[in-house]
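Please take these sequences and the hints and turn them into a complete structure.
Take the sequence shown: its position 90, counting from 1, is numbered 556 in our numbering, and each next residue is one higher.
These aren't lab readings, by the way, just hints derived from the structure by calculation. Don't be surprised by glycine CBs; every beta carbon is placed ideally from N, CA and C.
Taking lysine-lysine pairs in the PhoX-like style, the calculated list, with each CA pair at most 20 angstroms apart, reads: (1) 570 with 537; (2) 620 with 599; (3) 590 with 542; (4) 537 with 571; (5) 571 with 535; (6) 595 with 620; (7) 570 with 535; (8) 590 with 620.
Simulated DEER-style distance windows between Cβ atoms: (9) 564 with 598: 34 to 42 angstroms; (10) 515 with 552: 37 to 45 angstroms; (11) 499 with 551: 50 to 58 angstroms; (12) 622 with 476: 42 to 50 angstroms; (13) 561 with 612: 31 to 39 angstroms.
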Amino acid sequence: MAVSLQDLAHSYGHTIFTFSEEEGRNLFAELASLTTLGKARRWFTHLCLEIREKIAGQRENSHIQFIGKAKSLITKHFTESGFGLEEICEMIGVSPSYFSSTFKKEVGLSFVQYLTAMRMDRAKELLLKTEGKTYEIAQAVGFSEPNYFSFSFKRHVGVSPSQYRQANR
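What follows is the structure, encoded as structure tokens:
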């Protein structure tokens, strides 16, 4: 059991000795004093709780860093037509299911909703600031199929790209 706890602590940059040293305790002396199964159980339970408390903050920070990295990658690659869930998961090195659930929990939108919103915001800018054709704008914001872009734009914004351009000029 101690070896498993040591492995867990080590994966977060600690050792089980770290926890005892911080409180001025001697881990080996404590282990030697465990003369009954009840004492051993209480001691290991206490050590588990200490490890859990110590790494909880690090896990929370890793979620924040994870989401920050994901947002940065989305901002960098959202205009690429092949960019999607599989690609970002490969870049970050996590499974699609873990990524999707964590992203939704932390951001409040699914990855697809977030990506689509970025693409639509950029499309609205391009429709107002350029004279580009709808199919050119579709490609510029990561849609390889212009008809699907128009469909998505209307669903997201409420009007077609050409109607949006006319109404906001």
